[in-house]
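Enquirer: We have chain A; now place chain B onto it with these hints.
Same order as they appear, the protein sequences are chains A and B. Sequential numbering from 8 applies to the first sequence in the numbering used here. Sequential numbering from 645 applies to the second sequence in the numbering used here.
Hints listed in this document are in silico derivations from the structure and should not be mistaken for laboratory results. Beta carbons are placed, not taken as given, at the ideal position from N, Cα and C, and that holds for glycine. Treat the hints loosely; a few may be bogus.
Lysine-lysine pairs mimicking DSBU-like chemistry, simulated, CA-CA at most 35 Å apart [claimed, not checked]:
hint	chain 1	residue 1	chain 2	residue 2
1	A	K22	A	K64
2	A	K64	B	K712
3	B	K686	B	K700
4	B	K700	B	K742
5	B	K712	B	K742
6	A	K18	A	K64
7	A	K18	B	K715
8	A	K22	B	K686
9	B	K700	A	K18
10	B	K686	A	K64
11	A	K64	A	K24
12	A	K24	B	K742
13	B	K742	B	K686
14	B	K700	A	K22
15	B	K700	B	K715
16	B	K715	B	K686
17	A	K64	B	K742
18	B	K712	A	K24
19	B	K712	B	K686
20	A	K24	B	K715
21	B	K700	B	K712
22	B	K742	B	K715
Partial chain A-side listing against chain B, Cβ under 8 Å, derived [to be verified]:
hint	residue
23	L50
24	F52
25	A61
26	P115
Non-contacting residues of chain A with respect to chain B, defined by C-beta distances greater than 12 Å in every case (computed) [as the list claims (entries may be wrong)]:
hint	residue
27	V19
28	E75
29	S80
30	V81
31	D93
32	L120
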Amino acid sequence: GAGVSQSPSNKVTEKGKDVELRCDPISGHTALYWYRQSLGQGLEFLIYFQGNSAPDKSGLPSDRFSAERTGGSVSTLTIQRTQQEDSAVYLCASSLVSPGQMAQYFGPGTRLLVL
Amino acid sequence: GESVGLHLPTLSVQEGDNSIINCAYSNSASDYFIWYKQESGKGPQFIIDIRSNMDKRQGQRVTVLLNKTVKHLSLQIAATQPGDSAVYFCAEITSYDKVIFGPGTSLSVIP
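The following block holds chain A by itself, in its conformation from the complex:
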């Protein structure tokens, strides 16, 4: 596609369940980011993938959060044993090269609601 896509667009789950969020970056983009945005708040960095390098996981809030990027393209963010405070919009972004060389392009986000 022409832009970054994310699925599902909305996800409602029960506390304690696991969820998987998917990001399809723009084809050829080597850098991929995951962010979390609570209602009316700014962007909270979660994790950064760059090419074949080890990901920067410094933003993951707990060990319930994990992410992988297969084949340098699609990425999945997994939240295990979801809690109500995990409710937020999860945004994915990608860029052609490193973020210091060009801007990131964001997907529409996945709105997660944990009941």
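Expert: Using the frame of chain A, we list chain B on its own:
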């Protein structure tokens, strides 16, 4: 710690007037700055960027100014329109590719 922050969390502007959104940063090692616009229910969209070797860059109806002396970044929107209503984020990118977003400013355009 190092952070990027905005002077005003909300801004209301009359349609047709110019808007100025400000951003302060504290990391002197940052060499690339970006402004994003986020409309309700959507992801942030790139507006304009500027590198540290520049102090001004212009786009269509938008201008970004960078003052490295006082670590200040601003976004100017000329002839503000209702469609400009959104949350605007500044972001700084450090020399080691760390992206730091500011908290955002909500711009409301009064018809």
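Enquirer: None of the hints should be skipped; say for each whether it holds.
Expert: The hints, checked one at a time:
no. : hint            : result
1   : A:K22 / A:K64   : holds, 24 Å
2   : A:K64 / B:K712  : holds, 30 Å
3   : B:K686 / B:K700 : holds, 28 Å
4   : B:K700 / B:K742 : holds, 23 Å
5   : B:K712 / B:K742 : holds, 18 Å
6   : A:K18 / A:K64   : holds, 23 Å
7   : A:K18 / B:K715  : violated, 40 Å
8   : A:K22 / B:K686  : holds, 26 Å
9   : B:K700 / A:K18  : violated, 42 Å
10  : B:K686 / A:K64  : holds, 25 Å
11  : A:K64 / A:K24   : holds, 22 Å
12  : A:K24 / B:K742  : holds, 32 Å
13  : B:K742 / B:K686 : holds, 23 Å
14  : B:K700 / A:K22  : violated, 49 Å
15  : B:K700 / B:K715 : holds, 14 Å
16  : B:K715 / B:K686 : holds, 29 Å
17  : A:K64 / B:K742  : holds, 12 Å
18  : B:K712 / A:K24  : violated, 47 Å
19  : B:K712 / B:K686 : holds, 31 Å
20  : A:K24 / B:K715  : violated, 45 Å
21  : B:K700 / B:K712 : holds, 11 Å
22  : B:K742 / B:K715 : holds, 17 Å
23  : L50             : holds, 4 Å
24  : F52             : holds, 7 Å
25  : A61             : violated, 14 Å
26  : P115            : holds, 5 Å
27  : V19             : holds, 16 Å
28  : E75             : holds, 20 Å
29  : S80             : holds, 19 Å
30  : V81             : holds, 17 Å
31  : D93             : holds, 19 Å
32  : L120            : holds, 14 Å
Violated hints, listed in ascending order, are 7, 9, 14, 18, 20 and 25; each of the other numbered hints is respected by the structure.
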